[in-house]
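Novice: Here the sequence shown is numbered in UniProt numbering, starting from 1 and rising by one per residue.
Think of the hints as simulated: they come from the structure by calculation, not from any bench.
Everything hinted at is true.
Pairwise CB distance ranges (calculated):
1) 132 x 204: 24 to 30 Å
2) 58 x 96: 18 to 24 Å
3) 51 x 139: 14 to 20 Å
4) 153 x 19: 46 to 52 Å
5) 132 x 52: 26 to 32 Å
6) 157 x 12: 50 to 56 Å
7) 157 x 60: 20 to 26 Å
8) 221 x 150: 30 to 36 Å
9) 142 x 198: 18 to 24 Å
10) 58 x 139: 21 to 27 Å
11) 51 x 111: 33 to 39 Å
12) 60 x 221: 37 to 43 Å
13) 142 x 119: 36 to 42 Å
Listed below are the simulated DSSO-like cross-link pairs for lysine-lysine, each with C-alpha atoms no more than 30 Å apart in a straight line:
14) 92 x 62
15) 203 x 92
16) 147 x 78
17) 196 x 62
18) 42 x 129
19) 201 x 78
20) 201 x 140
21) 197 x 92
22) 129 x 115
23) 203 x 142
24) 78 x 92
25) 42 x 142
26) 99 x 135
27) 197 x 135
28) 203 x 62
29) 92 x 147
30) 92 x 111
31) 129 x 22
32) 135 x 147
33) 105 x 135
34) 197 x 147
35) 92 x 140
36) 203 x 136
Since this is a predicted model, take the numbers as computed values, not measurements.
Here a beta-carbon is modelled for each residue, glycine too, at the ideal position from N, C-alpha and C.
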Amino acid sequence: MVAEKQIAKEMDSIAELVELLKQNQKMESAANIVAMAVYVGKIDAKLDQLLTEVRDVQNQLKNIPETGNRTSMTSYLKTTVDHLSVQYKQMKEDLTQTKDTMKQKAGEIVKNVRKEGIKALNGVTEFFKIGERLKKIENKAKANLSKVDEMIERLDMFGKGMDEAKRQAVHSVNILKGKSEQQNVGSISSKMDVIKKPFIKEKEILGNILQLTDNALNRCETLSQEAKGWYAGEFVQDEKTYHTSASLEKKTDDAIKRGLHKKR
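Just need the whole structure built from these sequences, with the hints factored in.
Specialist: Okay, here's the thing in structure tokens:
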């Protein structure tokens, strides 16, 4: 119920389509479309989080002076973060197009149902075609996750390498001074942990997006399988299959007409 209220708030045409499906006993299809819309909404929220994270990192990098050994690391981070920012924005645009497509398809189906009656509900099969758009977003999420993983690994290697170089330098100086005792030189790796923190957060968010996208794609597949039964004239009600009848279609059309009459 909460999910449907959220859909009603953001996507009126989808909420109206879901109601029509319920009126015509297509409960499973209604549930699948509700779930798809909810997953898409959650992906949208996660993308907003990603954009906020990457924007914060970009602002922080602007304040890091490029001096000494930091120059190559800072340059690498800026280049990679800017690339990720572009990719996240593209994912956001792709998802916005997906949402627009869902609303458009739902509106068209509702309009056709009012003109043609119950048979127009078969047009709901168009919804599983958004799977191509979702797959595109999924592929980009995987590519970006790989990029973030690579960045975290490089930061680890950089920190360890700098620690070792620092130890070797101090050890060499001590040898010249005739000193043999070990000296604590501090750790750069611990500083890398602070730098890695936002990227670890991005990795977590991208993982969430992949899970949500996979869930939405599964709903698309389920809806496409249902479509095969619809074209055979089968409807699902109380987990039992029955064939459409003239009386059911008349009952639905009458209900739609009453709804239109009330709106007038």
